[in-house]
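Peer 1: So the chains spell out like this:
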Amino acid sequence: MPKTPLNMKKGSIDRSIIGFWLIGGLLVLFIVLAILSIAVPELKNPGHFAGVITDPSVLLTLGITMAAGLNAVVILILFGTPLAYALSRSTFPGKGLVESIIDLPLILPHTVAGLMVYLLFMSQGIIGAPLGNVGIVFEDAYPGIVVAMVFVAIPYYVNTVREGFETVPVRLENVARTLGASRFRAFWHIVLPLSTRHISYGALLAWGRAIGEFAAVIMIAYFPMVISTLIYYRFATGGLSEAMSVALVMIILCGVIFVLFRLLLKKKGDVDDRA
Amino acid sequence: MIGLEHISLQRGSFSLNDISLDVKSGRYYFLMGPSGAGKTLILEVIAGLQVPGSGRVLLNGSDITRALPEERNIGFVYQDYSLFPHYTVSKNVAFGIQMQGKSASDKDKKVHGLLEQFGIAHLADRFPRTLSGGEKQRVALARALAIDPSVLLLDEPFAALDPVAREECMQGLRDLHRDQGITILQVSHSRDEVYSLADEVALIDNGSIVQTGRPTDVFSHPKTRRAAVIAGTENIFEGVVGTTTGGMSSIEVPGVSITADGTFPPGSRVVVCIRAGDITIQKNGQVADCQENIIEGTVVSQIITDYTCTLTVRGPLQMSVTIPRKTKEQPVFQNGDSVRLSFSRAHVLVLPS
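Protein chains in written order, with the numbering used here: chain A, 35 to 309; chain B, 241 to 593.
Source of the hints: derived by calculation from the structure; they are not laboratory data. Keep in mind that a hint or two might mislead.
Said to hold, decoys possible - Coverage of chain A stretches by chain B, computed from C-beta distances (three or more under 8 Å per stretch; other residues unrestricted):
| no. | segment |
| --- | --- |
| 1 | 92-104 |
| 2 | 201-207 |
| 3 | 284-294 |
To be verified - A few chain B residues facing chain A, derived, Cβ under 7 Å:
| no. | residue |
| --- | --- |
| 4 | Leu289 |
| 5 | Val291 |
| 6 | Pro309 |
| 7 | Gln319 |
| 8 | Ser322 |
| 9 | Phe324 |
| 10 | Gly336 |
| 11 | Ile387 |
| 12 | Asp388 |
| 13 | Phe477 |
| 14 | Phe573 |
Yeah, the Cβ is synthetic: ideal placement off N, Cα and C, and Gly gets one too.
All chains should be modelled from the sequences, with the hints used to inform the complete structure.
Peer 2: Put into structure tokens, the structure is as follows:
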């Protein structure tokens, strides 16, 4: 589908849309200013910044954050994908209630989300206790970070992927089934490949949400520190400049990952003519 | 072969009501009706994509009502062809064979044969988005036939085609049916398609079967007003039976009296149906071809196609008349011309109101 009107050359400006850009562009400017407010002071002192990004404790925290975010996304893909598919292909009484439950982490204060996760996964929690008996501990431990991240990222992944599944015409699945494919094989061969863009985007959103979580994570696992905890810790103990260096590292890393991801998704979308 | 016994199904505010059909092996069967009549839903019930609330679906005498779609071996081609957009043409055609678990060599051989048969071998590595409507249709047919289906269900397969591609595809389906003897059940709006292809037709309206039979019987002798409308009868009027003498009846239609074959109870309300092609037209002052029914009026509009011209004539009734276009014998009519319509009483079909 053309992204510009047919009579316009790519890259040329449609003057009728300039007004929209002038108003909406303020939001982009807002984000850019926020980034610059951290980046400019930091880059004026590159030695200090270099020292922070090579600090082993910062690197370790970054590694833990990225790994936990990735683990959370893997869990969401495993459990959230079937849920998203079931929601996209089902109508039943109470579906709205189920959807509202899934959306709850979106609107809850993060501390409330953290409290809920803590109560479930603490050593006396209904999930934490039995798993603690087999050696899986969540309080102040890596698994605690992951479950907190999963909890807050659920709606981001499930809703995005469900939307993707809903854009795949049911008729394609119907045809696949008349050709001998079971429901699962029709899903695997038809729906899933045609939803990779939404699945990838859902995973990216969930990952972004997960690695940025602070309140829910510290409720169950202050240690080992994730990057948001470290930034808060440095701010509280070392002041603004200490926090800003770590924050800039995070901004650069996330920015690079998001840009790369978008480039990959753009290439992936070339095959699907519904997009 | 395919049987539907008293199928009922509720989908939202729409329902299929007591649908019964019997499609014999090797027949080319059509479901014809207006949009939203439930034709596609009937196909989906047969394919197992919709589970009926009551009734049975039979395939070769076996009850398959509860069988899953993948267990039925029934080919299905949707109106939009529903080609898998992420697969090439050959992978689309191979899909069903792959699902059957056949060996790679068997699969390749079968796919190659089908691509050749449908004249799409040169498109094997193309993706659906690059194909024309006619090409897509051939790919969809090849894909459906790859599983050697016991019956082929076609949901308005010509709807998205231009006239040239439509003619080609109709010819292709006619050849396929003749050469392979496959049972086909097709949904259509078009009387032309039914006349060209069908052995039998069922007229569907609002979730119910209105009439079944051979196309010529159904279209020439619709049994109800609704069947006449679906069959495309152009001139349908309400009337009251006047006098009945000598095997003929006079039907009083507002503004005119129409003579029809048959005897009907005087005073009973009836529906009079006259096909546009059964009416002849002359300019006023000329002698009418048939003296049994003559109605005068004025030409108010014309729809001209390659071979015919359909005129709307307003007089005591508004009637449609279809005549061959541009023959030496055929005078040219202009809007505003005063004309005289005539038709035989044998061409007047009288139905209960």
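Peer 1: Now look at each hint and say whether the structure bears it out.
Peer 2: Results for each hint:
1. Against chain B, the segment 92-104 of chain A contributes 0 residues with a C-beta closer than 8 Å to a partner C-beta. That does not satisfy the three-residue criterion, and the hint is violated.
2. Counting residues of the segment 201-207 of chain A whose CB lies closer than 8 Å to any CB of chain B gives 3, so the stated coverage by that chain holds, three being the minimum.
3. Counting residues of the segment 284-294 of chain A whose beta carbon lies closer than 8 Å to any beta carbon of chain B gives 0, which falls below the threshold of three, so the coverage claim is violated.
4. Taken as an interface hint, leucine 289/B checks out: its beta carbon lies about 5 Å from the nearest beta carbon of chain A, inside 7 Å.
5. For valine 291/B, the interface hint is violated, since its Cβ never comes within 7 Å of a Cβ in chain A; the closest pair sits about 13 Å apart.
6. At a threshold of 7 Å, the smallest CB-CB gap from proline 309/B to chain A is about 4 Å, leaving the interface hint in force.
7. Nearest Cβ of chain A to the Cβ of glutamine 319/B: about 9 Å, over the 7 Å cut. The hint is violated.
8. Among the interface hints, the one on serine 322/B holds; its C-beta lies about 4 Å from the nearest C-beta in chain A, closer than the 7 Å criterion.
9. For phenylalanine 324/B, the suggested interface contact is upheld, since its CB lies about 6 Å from the closest CB of chain A, less than 7 Å.
10. Here the hint on glycine 336/B is kept, as its CB sits about 4 Å from the closest CB of chain A, short of 7 Å.
11. For isoleucine 387/B, the suggested interface contact is upheld, since its CB lies about 6 Å from the closest CB of chain A, less than 7 Å.
12. The restraint placing aspartate 388/B at the interface with chain A is violated, with a minimum CB-CB distance near 11 Å, outside the 7 Å limit.
13. Checking phenylalanine 477/B against chain A: minimum C-beta separation of about 41 Å lies over 7 Å; hint violated.
14. For phenylalanine 573/B, the interface hint is violated, the least distance from its beta-carbon to any beta-carbon of chain A being 42 Å, above 7 Å.
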